[in-house]
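My request is simple: use the sequences and hints to build the entire structure.
Number of protein chains: 2
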Amino acid sequence: MDRQDDTSDSSARRAGLPIAGPDVHPLRPVPPLQTSFPSSTKIEVGDLKVPFRSIQQTGGNPDVVVYDTTGPQGHDPRAGLPPRRKDWIAARLADSDGNHTQMHYARQGLVTEEMRFVAIREQVDPEFVRSEVARGRAIIPANIKHPELEPMIIGRNFLVKINANIGNSAVSSKIEDEVEKLQWSTRWGADTVMDLSTGKQIKETREWILRNAPVPIGTVPIYQALEKVKGKVEDLSIDIFMETLEEQAEQGVDYFTIHAGVLLRYVPLTARRVTGIVSRGGSIMAKWCLHHHKENFLYTEFERICELMKKYDISFSLGDGLRPGCIADANDAAQFGELRTLGELTEIAWRHDVQVMIEGPGHVPMHKIKENMDEQLRLCHEAPFYTLGPLTTDIAPGYDHITSAIGAAMIGWYGTAMLCYVTPKEHLGLPDRDDVKAGVIAYKIAAHAADLAKGHPGAQARDDALSKARFEFRWRDQFNLSLDPETAQSFHDETLPAEPAKDAHFCSMCGPHFCSMKLTQDLRDLGEGVSSGTGVDEAAIARGLQEKAEEFRAGGGELYVRVREDLLPGQAATQGAE
Amino acid sequence: MDRQDDTSDSSARRAGLPIAGPDVHPLRPVPPLQTSFPSSTKIEVGDLKVPFRSIQQTGGNPDVVVYDTTGPQGHDPRAGLPPRRKDWIAARLADSDGNHTQMHYARQGLVTEEMRFVAIREQVDPEFVRSEVARGRAIIPANIKHPELEPMIIGRNFLVKINANIGNSAVSSKIEDEVEKLQWSTRWGADTVMDLSTGKQIKETREWILRNAPVPIGTVPIYQALEKVKGKVEDLSIDIFMETLEEQAEQGVDYFTIHAGVLLRYVPLTARRVTGIVSRGGSIMAKWCLHHHKENFLYTEFERICELMKKYDISFSLGDGLRPGCIADANDAAQFGELRTLGELTEIAWRHDVQVMIEGPGHVPMHKIKENMDEQLRLCHEAPFYTLGPLTTDIAPGYDHITSAIGAAMIGWYGTAMLCYVTPKEHLGLPDRDDVKAGVIAYKIAAHAADLAKGHPGAQARDDALSKARFEFRWRDQFNLSLDPETAQSFHDETLPAEPAKDAHFCSMCGPHFCSMKLTQDLRDLGEGVSSGTGVDEAAIARGLQEKAEEFRAGGGELYVRVREDLLPGQAATQGAE
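The listed protein sequences derive, respectively, from chains G and Z.
Numbering-wise (the UniProt record's numbering), the first sequence opens with residue 1 and increments by one.
Numbering-wise (the UniProt record's numbering), the second sequence opens with residue 1 and increments by one.
Since the hints were derived computationally from the structure, they do not count as laboratory data.
Careful, some of the hints might be misleading.
In this list, chains with the same sequence are indistinguishable; a pair is considered to hold if it fits within one copy or across any two.
As the list claims (entries may be wrong) - 27 angstroms max Cα-Cα, derived DSS-like pairs, lysine-lysine:
no.	residue 1	residue 2
1	468	368
2	370	468
3	294	200
Here it is, written out as C-alpha cells:
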C-alpha cells in the first residue's frame, strides 16, 4: 500500500476549494480570538508545536494555561489550514504495510508523532497514550488524508471531549454557514465536529470543512449514499456504500458513524416504543432490512469496511441506530441488543487494528444512566463511549442543551469519553451560530464537571484560579478565566457598567456596604497567625482567635480594610506562635 | 394566645399597599397566562379549589393536567390576592393553644385544610401528608398572617420543589420590579420565593410581595436587622433580631433563613478556604462572633426564636452560613461542623413543633454531592434539605444556571426536597426578568428530572405525552406541553416559519424527504400484527416480519404513508395471528 503522493493531492486541493454555486455569500469570518478571549495568547509547546492558550492574570498572579481547540488563526478559509501532519504521515507511508492506523502502530510499540502530540496536550506520558490506543481504550481519529489536523485523543483516561454537530439539510443552510459554524464551535471548545449535511452540495460542504478543520471530522456516510440512490433506501447496497466511503476517506474524514448494529431481528423490538427509531441512519438501515428481509449489509460486509478504514486510519464510530428517543424508551431490549452487537463488531475491527468508539443515547432518566455506561464497558470491551447527552427529561424543548448537559455530565463522570452536544434548537430546528455556541458551552461545562468528578489531574486548577480571582475581586481575571469572558463581562456591565467597577471590591449582589467575601481576608490573617505547618491546629486557632479578636476590635474592627499591615501573614505568624 | 383579629389586619392592609416614594414607576403586568401557555386552562379541584393547569391537545388526545404555581390571575397588585386561607385560619385560632404550626396539628392527628389542599395538589392521601409533617420529613410553610397562600409541601416524598430568589440591593432594583419578578417566577414554576432585599424600602417591598404571593415567601431577617443597626454588625443583638422577626412575622413571611449554626469555633475553620465565607448571613454572624468573642446569639437564644415561630407557624430554613463558595472548599470541616449543629437545632425546633428545613450548598463537584445528602439525612434526622444548586464547576460565570442545574438534578434525585435556583447572572449581577425565567426553567428541568429518577408516580406522564406528540408530528401539542411553549414555537418558526409547517409531518432537522420517526408507524403496525398479549414474542415477530415485509413491498414500500388501511391494528392483529 503506497499513498505517499496522496497528501500532496490534499495540498493541491487546498489551493482552490470548490465554490458552491452562484448563491454563495462572502464568508463572514468569526471575530478575532482576542475579542472572545481578552488577555489570552496562543502558545505552542515543543517541537510538535502543540497548541495551548495562556490566560494572563493581573497583580502578579500566574498565567493559567488551558487546552486549546481554536486552531490556527488568520487563514483564508478558501486556502485552508497549513498541513501540519504532512511530513509525519509521509515518513510513515514510506515504510508502509498497508495498515496506517494509530492502533496498528501502537500495537507494534511505536509512539507516533500523533501520540507524542496528544501526550503533551493531555500532559501525560507518551507511552501511556500508546498503551491506551493499543488496548483500544482510547482512539486518535486521524485520517492520513487530513494533514491539517491537530491530533486529539478520546478515551476515559483522558480529558472528556465534546463533539459539535453541524451540517445543512435540504431545508436550510449554506456551505459558508457551515465553515463558520466549524470555526465558531472550535472557538468555544468543540474537540471534534460532525458534518451531518444531507442536502445538496454534500461533497463540496465537506471539502470546505475538512480543509479548515483543526479537529477530527466525523460523518454519517449513509446520508450521502442515500443521495446517490436518489433517496430510495431499497436501492442502497454495499457497493454504493463503499464507493461513498472511499470518496469521503479521500477527502480526509476522520471517523465514520456506521449503523452496523441495526440487525433485522432487533427492528421489531422498536415497534412498541413511544417514539420508535429516532436515528436517521438507524431508520434507513431498518427500512432496508424490512424491504429486503435481509440482514443489514453494514453488518454482513463489516470486514470489507474494516479494510478501507485501516488504509486511511479512519475510526469507527459504531452508531446506535436503535437509541431511545424519549424517556419511556430508555434502556430497552432493542437498545441493549444493538449494544451487544456493537461489542462483537468492536472485536472484529480490533482484529484489523482499526480504532473504534461506540455511540450511545440519547434520552435516559438519571437513574438509568449508569447502567448504560456499565453495559457499554462490559459489552464493548472498554472501547471509548460517545454519547448524545443523554437528555434527562423530554418536557423542555428549547432547553435541551440543559436537559442533556445534566445527563452528559453524569455519564462523563461515569466514564464516557466524548459527549455529543445538543443545542437549544434540538427537536425544533437547525442551530444557528448562537445555538452552536450555547450547545458547546453547555457541553464544555458538562465535560469539565466530569473531569473534576473523575479527579483528573489538573482539572481543578482553572476552577481554583477563577475562584481565587473572584475572592480577591479581580473582576477582569474572573471574566478572562471563564469559558465565555464576553458574556461574563456583559452580564456584569448590565448592573455596574462603569469602568471603575471592574476594580471594585464589591459586586452588585450585595452592594458596596456589605460583602461576605471581605470577611475571610481578616479570618485568614487570624488563622495564619495561629496555625502551625500545613495542618490546622483548632485549639491554637481558638486561643489565637480571642487575642486576635481583641486586636481586631482595637484595630477598628473593620472588615472592609483588605489587609492590615500588622496582620500580614509573616508578622502574624510570629505573633501567633507565642 | 389569641390572634383572631390578625387576619383581618392583613385584609385591611390589602386595601391600600404602601407606595414606595416618588420614583415608583407604573407596574408592568406580566402578559396574560394564555400568552405564555396557549391551549391551557386553569382549573380548580374540590371544595378547597386546588389549582391545576390543564393543557388541551389536538386530535382527541387527552388533556394533560399539571401542577400549577401561577396563582390567581387578573388581580390588581395594589389590591393583592384574595385571602383564600382566611376562614381556615380563623376557625383554628378560635380554639388555640398558642402553637399554630402545621406540625403541631399533625402531631395531634389533625388533618388541616392546608394538608388536604396539599394532598390534592400532590395526588396523595391526606393522612400521608399529615404523617410526613408530623415526622418532620416534610414542611408546609404557611404563616397564619399569609392568607393569600396556596399551600404547598416540601419533603422528599413529594414532588421536588424549586425556589426563586428576588429582592433589590442598595445598587439596583425597584419595588415594582420585585413584584413583577414574583409574578414572573411563579408563572414559570417557582414553588417558593425568597425576598432577599437589602436596600432601602425593605419593609415596603416585602409587603407588596406578600400580598401578591400565592407561594410561600422566605426571607433572611438578619439583613433587615442589620439595617436597623445602620450596618454595624457588632451592634446586632437578639432583641433587635426578635423585633425584626416579629415585624416580618406580622407581615406574613412563611419561612426564615436563620444562620444559627455559625458557631464561633467553626469560624477559624474557614480561614484557609479559597473563598472563605460566601453566605452573607453567615459572614454577618461570623463577624459578630469575632467582634464579641461570644457564641452566636441565634444559637444561644434559639428557643426564644422557636417561641415566635410557633405562634405564626413560620418554618425555619436553617441557613448554611459556612457553605463552600467554590469547588476547592466543598465538604470541608467548617461545612460539616455547621451541618451537625443544624441537626441539633432541628431537634430543639421539633420539641416546639416548629417546622424545619435545612439549607445546603453551594459549590460541590459531582463526586462529592451524594455525601452532602447522606450526611444531611443522618445528622438532621431527615428534615427536608434545601440546596443552592450545587454548582458543579466554577469556570462558567454567565452560565451558572447550567453548572448548578447539573448538581441540582443530582441532589434532587438523591433526596433534596427543594432546589434554590441560580440564574445566569449569579456572581455577576442582579437578575432581570429574563434571568429569572432562565433560572426558573433550568430548575424546573432539574426538579422534574429528579422526580423522574425517583420514580415519582405520575412524573413521567407529561414526558410521555410530549414524546407521543413529537412522534405524531403534533407540533402545537409538543409546544404546549413543554415548560416554555413560546420559546419552543419561536425556535421552530425560525427555521420553518410558515403556518402549514405546524402540521407538517417532518421538521427542519431532516427535511421533508427523510424522517426517522415515520418508519416506526409502519413498524408498529407490523409488530402489532404478530405480538400476543402484553409480552413481545420475538420469534412470532420474526416470522410475521417476513410476511409483512412482503406485504410492505407489495403495498408500495413507502414509509411516508402514515397509516395504511390494511395494516390498522385491529385487522393486522387478525392477520398476524394466523
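Checked hints:
no., hint, verdict
1, 468 x 368, "between (37 angstroms within a copy, 21 angstroms between copies)"
2, 370 x 468, "between (34 angstroms within a copy, 26 angstroms between copies)"
3, 294 x 200, "neither (30 angstroms within a copy, 76 angstroms between copies)"
The structure does not agree with numbered hint 3 stated previously, though it agrees with all others.
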